[in-house]
Amino acid sequence: MPVVQHWTVLLPELALVGGAIFLLLIDAAKPSQRGPHLAFITLVAVVTSGVLAFFQWSHPTTSALGGMVVGDKFGVFARFIILGAGFLATLTAPAYLHRRGLDRAEFYALLLLSTAGMTLLAVSSDLVMVFITIELLSLALYVMAGFERGRLESQEASMKYFLLGAFASAFLLYGIAFVFGGTGTTNLLRIRAETSLGGVADFRLVGLAVALLAVGLGFKAAMVPFHMWTPDAYQGAPTPVTAFMAGGTKAAAFAALLRVLVLSVPELRWDWQGPLAALTVLTVVFASIIAVSQTDVKRMLAYSSISHAGFVAIAVVAASRSGIAAALVYLLVYTAMTIGAFGCVMLFRDGDGERVHLAKYSGLGVRRPAAAALFAFFLFSLAGIPPTGGFWAKWYVFFAAIRSHHAWLAIVAVGASVIAAFFYVRVAVVMFMQEPPEGDEMELDSSVGLKIALALCLLVVVAVGVAPGFFLHLAEKALPFGG
Amino acid sequence: MYVAAPLLLSAFMFSCGVYGVLARRHGVMLLMAVELLITSANLNLIVFSQLLKNSLGNIIALFIIAVTAAEVGIGIAIVMLLYRQRSTVAVDELHLMKW
Numbered sequence: 005m006p007v008v009q010h011w012t013v014l015l016p017e018l019a020l021v022g023g024a025i026f027l028l029l030i031d032a033a034k035p036s037q038r039g040p041h042l043a044f045i046t047l048v049a050v051v052t053s054g055v056l057a058f059f060q061w062s063h064p065t066t067s068a069l070g071g072m073v074v075g076d077k078f079g080v081f082a083r084f085i086i087l088g089a090g091f092l093a094t095l096t097a098p099a100y101l102h103r104r105g106l107d108r109a110e111f112y113a114l115l116l117l118s119t120a121g122m123t124l125l126a127v128s129s130d131l132v133m134v135f136i137t138i139e140l141l142s143l144a145l146y147v148m149a150g151f152e153r154g155r156l157e158s159q160e161a162s163m164k165y166f167l168l169g170a171f172a173s174a175f176l177l178y179g180i181a182f183v184f185g186g187t188g189t190t191n192l193l194r195i196r197a198e199t200s201l202g203g204v205a206d207f208r209l210v211g212l213a214v215a216l217l218a219v220g221l222g223f224k225a226a227m228v229p230f231h232m233w234t235p236d237a238y239q240g241a242p243t244p245v246t247a248f249m250a251g252g253t254k255a256a257a258f259a260a261l262l263r264v265l266v267l268s269v270p271e272l273r274w275d276w277q278g279p280l281a282a283l284t285v286l287t288v289v290f291a292s293i294i295a296v297s298q299t300d301v302k303r304m305l306a307y308s309s310i311s312h313a314g315f316v317a318i319a320v321v322a323a324s325r326s327g328i329a330a331a332l333v334y335l336l337v338y339t340a341m342t343i344g345a346f347g348c349v350m351l352f353r354d355g356d357g358e359r360v361h362l363a364k365y366s367g368l369g370v371r372r373p374a375a376a377a378l379f380a381f382f383l384f385s386l387a388g389i390p391p392t393g394g395f396w397a398k399w400y401v402f403f404a405a406i407r408s409h410h411a412w413l414a415i416v417a418v419g420a421s422v423i424a425a426f427f428y429v430r431v432a433v434v435m436f437m438q439e440p441p442e443g444d445e446m447e448l449d450s451s452v453g454l455k456i457a458l459a460l461c462l463l464v465v466v467a468v469g470v471a472p473g474f475f476l477h478l479a480e481k482a483l484p485f486g487g
Numbered sequence: 885m886y887v888a889a890p891l892l893l894s895a896f897m898f899s900c901g902v903y904g905v906l907a908r909r910h911g912v913m914l915l916m917a918v919e920l921l922i923t924s925a926n927l928n929l930i931v932f933s934q935l936l937k938n939s940l941g942n943i944i945a946l947f948i949i950a951v952t953a954a955e956v957g958i959g960i961a962i963v964m965l966l967y968r969q970r971s972t973v974a975v976d977e978l979h980l981m982k983w
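Same order as they appear, the protein sequences are chains A and B. With the numbering used here applied, the first sequence covers 5 to 487. With the numbering used here applied, the second sequence covers 885 to 983.
Derived from the structure by calculation, the hints contain no laboratory data. Be aware that a few hints might be false.
Stated by the list, open to error - Cβ pair distances, simulated, as ranges:
# : chain 1 : residue 1 : chain 2 : residue 2 : range
1 : A       : E480      : B       : C900      : 44 to 52 Å
2 : B       : Q934      : A       : H41       : 51 to 59 Å
3 : A       : I406      : B       : H979      : 51 to 59 Å
4 : A       : L286      : B       : C900      : 34 to 42 Å
5 : B       : Q969      : A       : V466      : 38 to 46 Å
6 : A       : S450      : B       : N942      : 54 to 62 Å
7 : B       : L935      : A       : A197      : 43 to 51 Å
8 : B       : V956      : A       : D354      : 49 to 57 Å
9 : A       : R430      : B       : N942      : 50 to 58 Å
Ideal Cβ placement from N, Cα and C applies to all residues, glycine included.
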């Protein structure tokens, strides 16, 4: 059945890009202006985009740009996660940037453009669109990672992120070229038709192509062994950017990976499930073990985000309806708890900087019990300890893996999460069980935006913890993919 | 049409690019290696386009050239930034953060 074509599918992205252009225009009209109104304009653009995306939930599936973009419920769900990441990052950014003299309009314009790239990636239905949107989100993020120009770590993060990101894009492109060679098309649905019974696909080329595409998207989703950029980029980038990257990019990359693998080449399932399962095991085990030896909290959270990519990939390997729903719920909870954890790092000021070394956290629970308890809550959720949303996210993923006969994958992942629990709990132990150093008052950041962002993250993690069934039901309603 | 030769050439270019990214230590050389990788993908697209008598591949190649121009612009900007701060573009000097 041909899907209705209508440009309104793109309205949420038009709102984001419109906001970015508006920010650049007012900056051109009145150069070097600073202040919270820039963040406010950004928030308005993100909320407008969210409202416009919300209207598509109840509409039948529509496509635009000649079938390159598809407006289905899956896309709306993924867009909401990404827009949420953009919204939370914008709330946390002004105070952080202001202290460093970086609160300029370009930052917010780049953030909006990057968000637009991510949401478009989540609704891409053509490999060319996948490539262009990945570039759009990455190019903006390369600049944002290096936004603290004077700080060497920030530059280093930007350079490493750029080099490995461009390297990954080249693999993706090479894969797209082979898909085109093997099937004569780049549209995901037509690829599916060509690789099904009666299609004309050359399976040698398509198999090679799928491997290359998985490498390219694996880089963006930060799966081992394509994760090398992640710790450096996350540690060096300004913390609001790190929070945004960790939440938004992962959600967008997995939405694209799900569309490419599960929607377009389900016929090659027996070929890609095995290697992807191997990558998954490598990711969860390796990241958990390396994270144990970290003493920099931002870097530890970076390794944590790598291991979480492995957990989402388990749901992709399951490739079933319940697997995709589990992946969506996982990405939702993951985004909230990761941005919450990075937000807490921003909350704990150390003079003008932030506390990144683990030793600096000793006694925080004694001096600032409420803030430390909040951080501990996010860490417990990342570890997957029961009453939190993180537990249910893992639960659904394991359940989906067992139901699709990948029980061994679930067992390995449970083992890895036990190792992972060690380094999450260690931070809590350092905060609550060690004596605070003399003369360190441990001031908290007093910005209202950061507090609102943390409250929202807490709300999502608690809501999923209390009513996981509601969110799973919502994610299941978002399926299947539209054409 | 005889396609093996251009496809092998593109595979060779891709391998050179991968080697360049992994082995070179000079920032600008790394950018050139990345360019080589992307060019090899473009060559593939054009060859397949000729082979399949389908102009989609040529159009994609044009898109890619445009996007890559933007990408390299940012890459050069980052290398310039590094050079201003450190007076070197060697990427193995970038070791503030490890493990």
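Against the structure, the hints:
Separation of A/E480 from B/C900 is about 48 Å and conforms to the stated range, judged on CB atoms against 44 to 52 Å. Distance hint check: the CB atoms of B/Q934 and A/H41 are about 54 Å apart, consistent with the given range 51 to 59 Å. A hinted range of 51 to 59 Å for the beta carbons of A/I406 and B/H979 is inconsistent with their spacing of about 43 Å. Between A/L286 and B/C900, the C-beta spacing of about 28 Å breaks the proposed range 34 to 42 Å.
B/Q969 and A/V466 have their C-beta atoms about 44 Å apart, which keeps the hinted 38 to 46 Å range intact. At roughly 57 Å, the beta-carbon separation of A/S450 and B/N942 lies within the given 54 to 62 Å, and the hint holds. Between B/L935 and A/A197, the C-beta spacing of about 20 Å breaks the proposed range 43 to 51 Å. Our hint of 49 to 57 Å for B/V956 and A/D354 is violated, since their Cβ atoms are close to 38 Å apart.
Taking the beta carbon of each, A/R430 and B/N942 are about 56 Å apart, inside 50 to 58 Å as hinted.
The earlier numbered hints that this structure contradicts are 3, 4, 7 and 8.
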